[in-house]
Each structure stands twice: as structure tokens, then as C-alpha cells.
Amino acid sequence: MKSTTLRSVLIGLALSAAAHASALTQPGETAPIPDGFNLLDFLVGEGEPFAGASKAEKLLDLQSRVATTPQRFNPNCSLTFKVIGRGAGQHNSFGWYNITGSRPEPGDLHEFLSCDDGVGTLKTLDIAADPAYRGGEIGFFMATTQKRNADGTPGSGLMTGNCVKFDPTGPRDSTLGFLYFSEPQWNDDNKGANSFIHLLILDSGVYDQAFYFGWEDLHSGGDNDFEDILTRVEGITCSGGGADCDTGLPGVCGAGTMQCRNGRLACAPQVKAKAVELCNGLDDDCDGVIDNDAICPDGQICHRGACVAKCFPGEFGCFGGTVCDDGVCVEPACAGVRCTDGAICVDGECKAPCDGVTCPMGHVCRVGACVDPCQGVECDAGQVCDAGVCKDACGCAPCPDGTVCAADGRCAAVDCAGVECASGFVCRGGECIDACAGAVCPGGEACVAGACVPMSGTGGSGGSTGTGGSGQGGTGGSSGSGAGGSGGGGPGAGGSGSAADGAKDSSSCGCSAGESGAGLGLLALALLRRRPAVARVRR
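Numbers -21 to -1, 1 to 518, taken from mature numbering (1 follows the signal peptide of the UniProt record, and there is no 0), label the letters of the sequence shown in order.
Hints in this document: simulated from the structure, not taken from any laboratory. A virtual CB, placed ideally from N, CA and C, is assigned to each residue, including glycine. One or more hints might be untrue.
The calculated label-pair distances, taken between Cβ atoms and stated as ranges, are [what the hints assert, rightly or not]:
{"id": "1", "residue 1": "D130", "residue 2": "D20", "range": "33 to 43 Å"}
{"id": "2", "residue 1": "D20", "residue 2": "L101", "range": "18 to 28 Å"}
{"id": "3", "residue 1": "D351", "residue 2": "G397", "range": "36 to 46 Å"}
{"id": "4", "residue 1": "A10", "residue 2": "V255", "range": "23 to 33 Å"}
In silico lysine to aspartate or glutamate, DMTMM-like type, Cα no more than 20 Å apart, as pairs [what the hints assert, rightly or not]:
{"id": "5", "residue 1": "K61", "residue 2": "D20"}
{"id": "6", "residue 1": "K251", "residue 2": "D187"}
{"id": "7", "residue 1": "K370", "residue 2": "D187"}
{"id": "8", "residue 1": "K144", "residue 2": "E84"}
{"id": "9", "residue 1": "K370", "residue 2": "D105"}
{"id": "10", "residue 1": "K126", "residue 2": "E116"}
{"id": "11", "residue 1": "K370", "residue 2": "E357"}
{"id": "12", "residue 1": "K37", "residue 2": "D14"}
{"id": "13", "residue 1": "K144", "residue 2": "E116"}
{"id": "14", "residue 1": "K170", "residue 2": "D130"}
{"id": "15", "residue 1": "K370", "residue 2": "E213"}
{"id": "16", "residue 1": "K370", "residue 2": "D380"}
{"id": "17", "residue 1": "K253", "residue 2": "D225"}
{"id": "18", "residue 1": "K251", "residue 2": "D365"}
{"id": "19", "residue 1": "K61", "residue 2": "E84"}
{"id": "20", "residue 1": "K144", "residue 2": "D87"}
{"id": "21", "residue 1": "K34", "residue 2": "E8"}
{"id": "22", "residue 1": "K61", "residue 2": "D105"}
{"id": "23", "residue 1": "K61", "residue 2": "E25"}
{"id": "24", "residue 1": "K251", "residue 2": "D272"}
{"id": "25", "residue 1": "K251", "residue 2": "E84"}
{"id": "26", "residue 1": "K251", "residue 2": "E27"}
{"id": "27", "residue 1": "K330", "residue 2": "D305"}
{"id": "28", "residue 1": "K126", "residue 2": "D105"}
{"id": "29", "residue 1": "K253", "residue 2": "D305"}
{"id": "30", "residue 1": "K289", "residue 2": "D272"}
{"id": "31", "residue 1": "K126", "residue 2": "D109"}
{"id": "32", "residue 1": "K61", "residue 2": "E213"}
{"id": "33", "residue 1": "K37", "residue 2": "E27"}
{"id": "34", "residue 1": "K34", "residue 2": "D14"}
{"id": "35", "residue 1": "K251", "residue 2": "D225"}
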């Protein structure tokens, strides 16, 4: 027992030393800030987690995490402000200003939480619609009511009314004590490197894109509890945040966004792991395996990111020279071949599913299939899907150089802003071009109207029913599919295999139905629709 107790003490001392080494202190002092438990109690009351079993250990964690940065922030279109605590006799105000590179002018100090807003007050600011917002970065400030002498030095007591009043031109001088900013170089008591710290900032571990601002309101001093006014602002990222990054985690958790963590930029996952794996060609539960244990409806099997009809051994199990292997129609050379996860069998060999595949513009290759990454993705209000990831709509934060905010909330190339293209076309260089240009679809598929589609049994609209060879072919698959797209033959299933432009190709088996064969053609169409999909299988 003594040994265990001693070890615990030593571990505690080590943790304490590490926390103190990384903690902030006031100039000329050694005690870490914040001092006391007040700030911790407020934050725990908001659900913020801290490491440690005891309250003292949690305080050490808080002291190691608070920072004086970031000082500048990028806002979303809507910000939410909340008063968490007021632990001072001064009725301080809190607001925002535009970052300009110099000290804000009085008229650019925009109060949002007034002296009368008590603990629990919650306000929302539509900053995109605020004419005072100039676009770009913003900072935050606190206005105090500490007595200010005529020469600018602190006096005894409070300014008249103990409440700073704001006009369109800024705070009324007769009510204003002193100003302190998230950019501390503009503070009224700034003395350079040895200046008193008035603001501690904590990146929330519970609320997305949110920071806590804990202030000390006395000129050049205070009690260091940093809850004279404590606020939370949601809808902001630190300057430099928002860029895409790789978290190094498996599956969908790998896509990240640079976000602030303890006042520093870090790569945070854009989505959280799901409890249930979906059949979509993604590793939704982030366990390193794609579509494992994904559930499909009865009679279907998860294959290449989609639930497809399950085949069964027998005379009518598969078509096109394929065989049924573990519920999926495969090439005979691939029967019994088991590839490592993520690979598929091609001509009897295991290969990366997207090798040699160039998807149409706007599509991505997942498990050997070209898909629209935003199909089926539902984003929260104020967000848009960009390359499969939900991001805040542009319009508040500036777009990257060479791009502008388009009407759909995404950043677009300057020469494509306002250009609307027909389905199957995309804007490049200010012109609408075929999304299929340069596309190399997976085996057994052709690029049609900007998407890779199976050549077998999906060939366009076909000619008029029962007219034999006179119908005009639609946009069928490329030649060589025995099932045939809709070429110049009769009803859709009756034509010969057709190229993407609908031209006839007699090189493949057409099984054409003549004028008197309309009924036979329709029967063939029905059989084709019922048959299982023929595709390469991932093992």
C-alpha cells in the first residue's frame, strides 16, 4: 500500500511539474494562471471535459490548456454569444471589431453583450448581414468601467453608472474606463513583452468552432481568476484554420480540417466515426476496413459500395460468361480468388480497385466505382457539400485566391462564377465542357452524361418498339457487351451493343428482334432487368 501511495504521489508530482512547465504566468510571477477554481467551475458547468480525477488535477489540465492565442478569428455567417460568468463588480461589455492591422477606431468597436446582459444571456449575430462587417478576420474586446483619470491613469472606484454606453461612433468617453483586446498590443495598459495578461482563451472541447474568453478587468493587475466576464462565442475559427488536412486516421476519419486546439492549429477530423458501417465504399466506422459488416436488404449483397442482387449457382445464375462466386457474378478466372481488403480481382489477379480509372469530372473512385462524392450526403443548415465533405458555406470567410463565392455557397474559379452548365457538363476556364472528357471508367462501364454507368442492360432509350432496325439508338454503353445497349434495333434490349454515342456496332451479339418480334424483345428486356449485376468483386 505504501509503495502504491508513493508511486501515486510521484506520478502526481510529475504531472504537476509538466502542467506548470506549460502553464502561463503573469510577468514577474511564477504561479500559473488561472488562479483558483472559479474559471474551472464555470467551464465544467458548460460540460467541458478536463483530465484528472481530482479537482486539483483538473485545474492543472485547464492551466496547461488555456492560451493567449489565437488573437484573430474567421467568422461564419452567424455567431452565437453567451455570457457564462460575471465575477466582478464592474459591469463589463464584450464585442467584436474588424481586423485592420492597427488599433480599432472607436466607431469600429461593436458591442454585442452589454453591461445589462446577465449570466445565461444568449445572442445570435448575423454578421454577414451586418453592414459594419468588412469581410475577413475579426477580433474581440472588453470595455470596463474602472475609474479613469483625466490623464488616462486608473483611479479609485467606477465610472458614472458602472455601464459603458455605446453610440454609432463608439463607446461614450464619459462612461468608458479601459479597453482590452484579443490582440493585446492594443490594450490600454500595454507595455510590450512585460504586459499584464488580461485574456485567457480556451478552445471548446464540446462545441464546434467555439472559444471561451475569460477576462481580467483591472488596469495592470487583478486577482487572476479570469472570470470577471466569461463568454463563449460559437461560429468562429482561428485565423489560418479551415484548410483541408489528413488526420492520419483510417476511413472517413482521415479527412480533416485545420482547427484550433489549445490556441494552436491542429488537424481535426471533419466527421466522426459511425457506429454502423454503410454499404457505400467508405470506411464509416473508421476501423480500417471498407464496408465490412455493411447491411443490405434481403436478397442483396454489398459489392463495390452498393447493394446489388445476389446471384445463386445454377443454370440461370449469371450471364455474359461469368460465374456465381460467393453471391457475386465474377470472371471465371476470379472464381475462388480472395484478395486482401480493398483490392479486387481482375483477370485472376488482385489489383487496387481504382488502378487505371479516371473518373468523370466531379466524381471520385471508391472501391472501383466512380461516384458523386456528395450523393446522399446531408449537411447542416449553413453548410454545403464539397467533394463529399460538409463545409460552411462561403460568404463570410474569404475564398482562396483566384476564386469567388458562388451562388451555391461554394468557392468557384473566377471565370466560372455565374456560369451554369447543363447536366453532364462542368465549367472549366469559363466554358462548359463534357464531364466525360478524358474519363476512363471501370471495366464494364462507359461514361454517359457525366457518369460511369454499366454497359450491360442500361443502353439508352432505344428505338421504337417492334420496328426492327429502324429505331435510332440512344446513349448506350460501349461496344462489346453481349447484353447490348440500345442501338438501332428494336426495343431497348433488342439492339446490338452500342457505343456511347448511340452508333450501331455489329461486333457484339445483338439478339435483334424484327418487326414481328416485339413480344420476344419485351421478354428479353424483362429477363435482362431481372438478372444479377455482373461486376468485379472486392475480396
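What hints, given by number in increasing order, does this structure fail? Those not satisfied are hints 3, 4, 10, 13, 19, 21, 25, 28, 29, 31.
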